[in-house]
Every structure is written in C-alpha cells, then in structure tokens.
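> Kindly produce the complete structure, drawing on both the sequences and the hints.
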Amino acid sequence: MATFDGGQIDYERIGSYLPLAREFLLQTEHYEQRWPGSFEIEPVASPLVQQLAMYAGWVESEGDRETAARLRQEADEIAARHLSGEQHAGRLRARAMEAAAAGQFQDALVGLETAEQAFVADGRPIEAAQTLLQLANVYEWLGDYDRALTTMDTAHSLAAERLAGGPPSRTAVAASIGKQLWQILRHGDAQEREGEDALSLRRLHYELIQGRARVNRRLGRLEDARALFEQSRPFVEQFVPAGVDFHLAGIAIDAGDLDTAERLLAKVAPHFDKGLLRPRRGALRQLQCDLALGHGDAAAALARADEGLAEQQAYPDLELAWKLHWRRGRALARAGRTAEALAAYREAAGTADTVRLAPLGYVLDTTFVRDKVPMFEEAIDLAVASGDGLAAAELMELVKARALTSVLSQPAQVAGDGDLDAVRFDALSRELDAISFQMYAGAAGAEDVRRREQLLVERREVIERIRVRDPRWRTLTVPPRVDVAATCDRLGETDRAALMLHLRGTRLVAALLTGDGVIVGERTWDDDTAAALTSYAENLTLLKPDHFLNDLSGESDVDLRHLVPDAVADALTLARTLIVVPHGILHLLPWATLTLDGQRLFTTRAVGVLPNLATIHLTEGGLSTPHRVGLLGDPDYTGLTRYRELPQAGAELTDVEQLYGPGALVAPVARRAEARQDTLASLLPQGGEGSILHVVCHADVAADEPLASGLILTGSTLDAGEILRLGCGFPEVVLSACSTGWRPQTPHGLELAGDDALGLVASFLEAGARSLLVSVPQAKDDIARRFMVAWHTHRRSGASPAEALRATQQELHEEVPVWAWAGITAYSSV
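In terms of the working numbering, the sequence shown has 172 at position 164, counting the first letter as 1, and numbering is strictly consecutive.
Hints in this document: simulated from the structure, not taken from any laboratory.
Please note: incorrect hints may appear among the correct ones.
Said to hold, decoys possible - Pairwise CB distance ranges, derived in the manner of DEER restraints:
1. T532 <-> G757: 19 to 29 Å
2. G629 <-> T662: 42 to 52 Å
3. D434 <-> Y39: 42 to 52 Å
4. L227 <-> D536: 29 to 39 Å
5. Q818 <-> D578: 15 to 25 Å
6. A659 <-> E466: 35 to 45 Å
7. T662 <-> D574: 45 to 55 Å
8. D790 <-> G523: 37 to 47 Å
9. R584 <-> A77: 45 to 55 Å
For glycine and all other residues, C-beta sits at the position ideal for the given N, C-alpha and C.
See below:
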C-alpha cells in the first residue's frame with residue numbers, strides 16, 4: 009500500500025486486475041478484427057497502459073527490476089498499437105523520463121521534444137508545458153542550468169494566461185474534479201476536462217517553483233533556493249511530507265549550517281523507510297554522509313556512504329552512485345586509508361563516466377562534466393600523492409568529455425536528403441556563408457552582424473539535434489574506455505611515449521606513459537612561466553600578432569623543465585616518438601619546437617599531438633605511404649578586404665602536384681575559380697587508402713563558435729560544422745592555412761570542462777581523417793610552401809606523419825628562423 013494525496017493505492021489489487029484487463033483487451037481486439045469499426049479499442053487499452061506503468065514502478069520499488077522492465081515493454085507495445093494523440097504523447101513522455109534515469113539522454117531529449125510537439129498538435133497546452141518542465145529537468149541533470157531555466161520559462165508561458173491569478177487552490181481543484189465526475193456519471197463522458205486541467209495547472213505551477221529552486225541551489229544561490237522551496241511546501245507536502253525539508257537540509261549543508269542540517273535530516277529520515285521515498289534512501293545517506301564529513305567524523309561518513317551504496321542493489325541510480333563513491337573516497341582519505349580511498353575515487357570516476365553513454369555536442373558534454381570536475385581533481389591529487397601513475401593517467405583521461413572518442417568508435421551514418429534538420433542546417437549554412445563574405449568584403453552592416461549571431465545560435469542548436477538523434481548511439485551500451493596498462497604496452501612495442509597533461513591554474517600534473525609504465529608528477533609554474541604562456545596565447549588571437557612570440561622557447565625562454573616535473577622531463581628521452589595529450593591552454597603550444605635543457609625536442613624525437621589518449625588506438629591505422637593526392641587551393645579573393653591573395657599558394661599546389669606526378673591525382677587540381685566550397689565538398693568523400701588531401705587557402709577562426717571556423721575558398725566558406733556532415737575519405741589532411749590548429753578555450757563564455765578537441769581539427773578527425781598537419785598560429789605563405797613541400801617529400805619517402813614533421817623541422821632549422829614555422833603541428837599518433 010502507498011499513500012497518495014490522502015488516499016491509498018492498493019498495488020496488489022492492481023496486480024490482480026492486470027490479467028483481467030489483458031483478457032478484456034484481447035477479446036476487444038478479436039471482436040474488432042471480426043467486425044471492424046464496431047468496437048473502440050483505445051478506451052480499453054489506455055487504462056491498461058496506465059496500470060502497467062504504475063504497477064511497474066511499484067514492482068521496481070520492491071526490487072524486481074526485471075519484471076518492471078517487462079511490464080514497461082508490454083505497455084509500450086500496447087501504446088504503439090492502440091493509443092493516439094494525447095494518450096500516445098503521454099506514453100512517449102513517460103518512457104523518455106525512464107530513458108533519462110538510465111543515462112540514455114539522447115532518447116530522453118528526442119522523446120520529450122516529440123511528446124511536447126504531439127501535445128501541442130492535440131491542443132493540450134498544459135500537458136505540453138508539463139513535458140517542457142520534464143525536458144528542463146533533463147537539462148538540469150546534464151548541468152545546463154541556463155537552458156533548464158529558459159525551458160521552464162517557455163513551459164510557464166504556455167500556461168501563463170491561466171495562471172495569471174495564481175494556481176487553482178486545493179478547494180477549487182476538488183470542486184472541478186467533482187464537476188467533471190458528475191458529468192461523466194450523468195452523460196457517460198465529460199465534454200470539458202475542467203478537473204484534470206485544474207489539477208495539472210496546480211501541479212505545473214508548484215513543480216516549476218521546485219525546478220527553479222533546485223537550479224538556484226546548483227548555481228549557489230542558496231537564499232533564493234531556500235525561499236522557492238518554502239514557496240512550494242503547500243503542494244509538495246500533500247504528496248511527499250519530507251520533500252521540502254530534505255532539500256533545505258542540503259542547502260544548510262552547502263551553507264555550512266550543520267546544526268540546522270542535522271535537525272532537518274533527523275526529522276525527514278523516518279519518511280525514507282517506506283512509501284514513495286523508500287527508493288530514495290540512498291540520497292538521504294548521501295546528505296547524512298556530507299553532514300558527517302562536515303563534523304569531521306570520517307567513520308560515520310564511511311558508514312553512511314556504504315549504506316547508501318548498499319541501496320544500489322535494489323534501487324540502482326548511477327547519478328547517485330558516483331556521488332556516494334566520491335563521498336566514500338573522501339571519508340577513507342580522511343581516515344588515512346589512502347589505497348582504499350584511491351580505489352573508491354576510481355570507482356566514482358568510472359561510474360560517472362557511465363552515466364552518459366554517448367556525446368551530446370560540446371555544450372552539453374561540457375556542462376555534464378562540469379559538476380564532476382572537483383571529484384576528478386581530488387582523485388588526481390590523491391593518485392599523484394600516492395605515486396600511482398596508472399591511476400592518475402586513467403583519471404586524467406576520464407575527466408575529458410571524450411566526445412571525439414565516442415564518435416570515432418562508432419561508424420557514422422549520413423542523414424538522408426529528407427532529414428528536416430539536415431535540410432535546415434544546409435539552409436542556415438548558405439545564409440551564414442553569404443553574410444560572412446559580405447563581412448570579408450567590408451560590405452556588411454550592423455544588421456548583418458546581428459543576423460549572423462542569430463544564425464550561429466540556431467545552427468548550433470540544429471547540429472546538437474542532429475547529434476542527439478544520431479541512430480548509432482542506440483547501439484552504444486557502454487562508453488568507450490581506455491586500458492592505460494594496455495596502452496603502455498602498445499606504446500612500448502612501437503617505441504613511442506605519451507605525455508598526458510592536466511592543468512589547474514598554474515599547477516600542472518603530467519603523466520608519461522611508456523612501455524615500462526607511467527611516471528607521474530606535478531609542477532607549479534613560476535610567475536614568469538605563467539606570464540609567458542598567457543602572452544603567447546593572447547598573441548595568437550591578434551589581427552597583427554608578433555610572429556617572434558610563436559617560438560615560445562626561443563623568444564620567451566620557456567623550457568620544458570619550466571612546465572613539467574623533473575621526473576617526467578628526465579624520462580622524455582625514452583622513446584623515438586612522443587605523443588602529447590594537452591589540456592586547456594596547452595593545446596596551443598608548439599610542442600615539437602620547445603626545448604628540453606636547451607635542446608629542441610624535434611632534434612631528438614618526432615612529436616605528435618592528440619586530443620586524448622583514446623584516439624591513439626583509433627587513429628594509428630590506415631596510414632600507409634601516400635601514393636595519391638587531392639589538391640585544392642589558391643582561391644580567388646578578388647573584392648575581399650579582410651583576406652589578401654596568397655602569392656605562393658599556386659606555386660605550392662604545383663610543387664606538390666609535381667612531387668606526386670599527374671597519375672597520382674585523385675581529381676584535377678582545383679585552383680582559383682575552381683577552388684570553391686562545392687568542389688571541396690565533392691572531393692572530400694574521395695581519397696581512400698594511401699591518399700592525402702592538401703588545401704591551401706586562408707582560414708577564418710571563430711572564437712565564440714568553434715563549428716563556424718572554416719576554410720575561405722572562392723566565393724564561399726567550408727566550415728567545421730559542414731565538414732562534420734560531409735565526411736572525409738582521405739586518411740591524411742594537410743591544411744596549409746593560418747590558425748587551422750587553433751582551439752578556443754571558452755566558446756561563447758563556456759569554459760570547456762571536458763577539454764575535447766574543437767574546430768577544424770576535431771571536425772576532420774570525426775569526418776574520417778586519421779592524421780592532420782595544421783598551423784596553430786598565422787602562417788607566412790612563402791615559409792608554409794617550403795615547409796609543406798618538404799613534409800610531403802619525406803612522407804613520400806616512407807616517413808610517418810610525425811617523423812616527416814621532424815625531418816622537415818630539422819631540414820629548415822639551419823636556414824629558416826624557428827618562429828616562422830614553430831606552430832606547424834602534426835595531429836597524429838605515428
């Protein structure tokens with residue numbers, strides 16, 4: 009039995025009712041088949057679907073998850089056969105929320121958006137608003153609090169007129185329900201749904217208040233959150249008497265008011281022993297653990313964390329599980345049980361990694377990771393202090409959003425021509441392209457600039473929808489993981505090492521992976537080193553940068569020993585090839601040209617860069633000695649004021665063409681008028697094994713929207729977002745253009761907590777390329793020509809991409825100043 013708004017729900021009676029309801033539906037289906045049109049099936053099917061869903065929830069609360077899943081599947085099948093309009097939308101909404109609880113956020117977002125549209129089409133604005141509120145809850149779970157609040161505002165707007173005088177009172181709801189019941193008793197049906205609508209309006213009003221309260225707490229606005237929770241009390245306590253005080257206890261802990269928290273938790277604890285709150289007893293244990301940690305009682309905190317984790321057997325909740333493992337790690341660390349604490353932290357990190365199965369776009373991937381960063385940082389610190397390099401490397405890898413890892417691990421499926429989002433994406437891209445070229449020609453006005461910003465926002469939303477709806481994620485049952493020990497073995501077999509970095513302010517943790525294991529350490533930068541890196545990064549964004557600063561070691565005296573701990577620096581000589589996995593601002597550094605004890609790295613080893621450790625395995629195959637080349641560039645920039653002609657571009661194309669020979673061309677060389685967006689779009693899917701795509705042009709860097717960074721061609725631009733959609737058949741890509749390897753740190757104000765690659769590099773890797781040669785800073789076209797041709801020469805001779813980079817650097821070192829080519833970088837694992 010369970011209490012609900014003053015009444016009792018007899019779940020055992022529902023269970024005994026189900027066989028009768030199933031038989032009734034079967035008989036109705038049978039009669040409808042024999043005498044079509046004589047029977048209405050939906051009135052029979054609808055209550056059965058509702059009762060199955062309700063009973064599944066109760067069965068699950070009793071610990072029988074397998075039966076609950078079977079009951080929900082049965083409800084889905086009946087709903088698909090017989091429900092339409094509002095009933096079907098309701099079922100879509102319920103299943104979407106179940107998907108969210110299971111970490112299947114793609115299905116949740118798609119299902120809720122579809123359900124909301126169905127409710128609107130059926131003329132049910134209140135139900136549509138309720139669905140938007142649940143969509144806001146999903147955004148809240150994903151950490152996108154701004155979008156959660158915006159979605160709540162949209163939900164409120166759908167019912168604003170009917171809520172203008174406040175929500176219906178309990179008395180008004182009871183009267184409306186009585187009136188509707190009377191109509192049903194008198195006429196067999198109710199023409200108006202006054203009672204249901206009044207109850208839904210009251211519920212919507214107070215759940216919006218509760219939702220805003222939760223988000224305000226997440227944002228640290230504790231007083232606002234407290235006031236909103238109190239405002240919701242009259243409604244919440246009808247159903248969950250302890251609901252408001254439970255949240256107030258959490259706020260008290262956040263505020264450091266442990267006495268109030270202790271009093272409130274003692275008050276609400278009995279409500280978690282049975283009834284609706286029984287499945288949430290693990291959440292109570294989390295707050296009790298936080299309280300014990302606040303009091304400095306490690307033993308009590310550990311006991312509460314263990315009790316909370318024990319609840320996971322009957323009531324699994326991955327979002328709660330990683331938080332409990334985190335608290336367990338804290339308690340063990342405070343008790344001086346370091347090895348056990350590190351194991352608990354690793355369990356927390358691994359569990360958090362499984363909460364979200366697949367990528368959602370860089371915005372949601374970042375917001376999802378953001379609230380987990382403190383846990384990862386505590387765990388990394390503990391691993392470093394313990395000297396456990398393997399654990400440190402694993403944790404440094406897991407803290408990344410790893411969207412690129414997921415997309416590379418699953419074969420892409422290109423959307424058909426009829427896909428509405430794809431059609432809208434193309435239309436938005438065309439309009440953006442037209443405005444961009446007006447800006448390049450100096451002909452754009454203020455209204456054009458505003459319109460461009462609007463288009464970028466809309467296109468970012470469309471790209472996110474395309475990614476969320478990508479059917480390949482439905483086959484992904486666990487996120488791709490990295491076996492650090494196996495990676496070390498693989499690196500050792502191929503005489504390579506990987507340098508993983510994690511930067512927090514001016515404190516850098518570095519882990520060097522070799523065939524002999526992992527060496528880990530940390531270094532806090534001195535003021536001069538920190539200032540030099542800041543100046544270097546800022547210089548990259550200037551319209552007229554100081555090119556001398558591109559040589560960070562030569563001009564600013566920054567040596568690798570200033571950046572990484574000595575133990576790691578000493579071991580950098582252990583491999584022939586070094587793969588750097590940067591973090592934050594370190595993505596921008598000219599790694600190969602940095603000095604170690606005064607000697608340039610490229611003089612002793614090849615250096616490549618990758619966005620994360622997992623991409624080593626995903627990008628090292630399919631890079632045979634090239635024998636075919638696709639060439640496009642030297643666009644016609646007549647009429648543009650922002651971009652000048654490139655005097656050496658045509659000669660660079662000719663040099664590379666002659667190096668490979670006319671029989672090696674994938675397609676005729678596209679230059680000048682032919683170097684257009686559509687030409688490159690048609691060339692990209694070609695290529696195949698042993699082919700390289702070489703593009704010579706200007707590039708546009710969009711600091712606030714990475715997917716808008718693009719290649720400036722004749723009369724058009726091909727940007728990162730479009731490359732994602734087109735795919736790339738070339739295993740290797742050379743972008744002989746300015747700033748193609750530049751990566752933003754805070755696009756439209758969002759600090760990239762997940763730290764994945766963004767922009768042109770990430771788009772080409774996701775599109776199918778396995779190696780890229782790019783320039784992080786602006787490039788001088790005469791030096792770029794010489795550098796790129798030399799690189800192709802070494803690559804044609806059998807050198808790997810990173811080895812060809814090293815050979816070219818050695819070749820130019822004696823003749824051309826390092827600052828002129830320091831930022832040319834190979835994104836490659838070999």
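> All the hints need checking, so say for each whether the structure fits it.
How the hints compare with the structure:
1. Checked against the hint of 19 to 29 Å, the C-beta distance between T532 and G757 comes to roughly 27 Å, which is consistent with it.
2. In this structure, G629 and T662 break the distance hint of 42 to 52 Å, their C-beta atoms being roughly 32 Å apart.
3. In this structure the hint that D434 and Y39 lie 42 to 52 Å apart at CB holds, the actual value being about 50 Å.
4. Distance hint for L227 and D536: a CB-CB separation of about 37 Å, consistent with the stated range 29 to 39 Å.
5. The hinted range of 15 to 25 Å is satisfied by Q818 and D578, whose Cβ atoms lie roughly 23 Å apart.
6. Range check, A659 to E466: about 41 Å between beta-carbon atoms, so the 35 to 45 Å window is met.
7. With their beta carbons about 49 Å apart, T662 and D574 fall inside the hinted range of 45 to 55 Å.
8. Hint check: D790 to G523, Cβ distance near 41 Å, so the stated range 37 to 47 Å holds.
9. Remark: the range hint 45 to 55 Å for R584 to A77 is upheld by a beta-carbon distance near 52 Å.
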